[in-house]
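**Student:** Full structure from sequences and hints, please.
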Amino acid sequence: MRHHADIPVTARGDIWAERLRAGRERAIHTVPYKVEGRLTRMVGLTLEAVGCQVPVGARCDILTAGGEQIEAEVVGFSGEHTYLMPTGHVDGLTPNARVVPSAHSSDVAVGEAMLGRVIDAAGR
1 MRHHADIPVT ARGDIWAERL RAGRERAIHT VPYKVEGRLT RMVGLTLEAV GCQVPVGARC
61 DILTAGGEQI EAEVVGFSGE HTYLMPTGHV DGLTPNARVV PSAHSSDVAV GEAMLGRVID
121 AAGR
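Taking our numbering, the leading residue of the sequence shown gets 1, the next gets one more, and so forth.
Take the hints with a grain of salt, since some may be wrong.
Now the in silico label distances, taken between C-beta atoms and shown as ranges [stated by the list, open to error]:
(1) Gly76 with Ala109: 44 to 52 Å
(2) Gly23 with Thr46: 43 to 51 Å
(3) Val56 with Gly13: 41 to 49 Å
(4) Ala17 with Thr64: 34 to 42 Å
(5) Ala17 with Val75: 42 to 50 Å
(6) Ala65 with Leu115: 38 to 46 Å
(7) Ala103 with Thr46: 22 to 30 Å
(8) Gly13 with Ala65: 55 to 63 Å
Hints were generated in silico from the structure; no laboratory data involved.
Glycine included, each C-beta is placed from N, C-alpha and C at the ideal position.
**Tutor:** Following this line, the structure appears as structure tokens:
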């Protein structure tokens, strides 16, 4: 085995460049990890899900059997249970509906252009 002192500096740079290129290639071709839960209970407008550990304030989409997406916001948790409040109607929800964290952000850009504008709770 050769020691670093035996390898010219330019060759060491080439070795590291190749390792970085190979690492980038592996990172590009990875499959993103998707966290999904399921709806277990609904009492009034409080929805309970398991398997979907996301922070309070996060948005989730609940997928109905009919293919509709119902948006909800995480309002609490207890152990493995996550509690959500829907931001719209709940028609079509069934037990075991898929609960998927949403990439949709709840941030709203503000500035002079927003002066006098009306927006709803979803930032529209």
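**Student:** Are the hints correct? Go through all of them and say.
**Tutor:** Checked hints:
Distance hint check for Gly76 and Ala109: the Cβ-Cβ separation is about 28 Å, which falls outside the suggested range of 44 to 52 Å. Between Gly23 and Thr46 the Cβ separation comes to about 45 Å, which falls inside the hinted range of 43 to 51 Å. At roughly 47 Å, the beta-carbon separation of Val56 and Gly13 lies within the given 41 to 49 Å, and the hint holds. A hinted range of 34 to 42 Å is violated for the C-beta pair Ala17 and Thr64, which are about 50 Å apart.
Checked against the hint of 42 to 50 Å, the C-beta distance between Ala17 and Val75 comes to roughly 49 Å, which is consistent with it. The beta-carbon spacing between Ala65 and Leu115, approximately 44 Å, falls within the hinted interval of 38 to 46 Å. Checked against the given bound of 22 to 30 Å, the beta carbons of Ala103 and Thr46, roughly 24 Å apart, stay inside it. Separated by about 57 Å at the C-beta atoms, Gly13 and Ala65 satisfy the suggested range of 55 to 63 Å.
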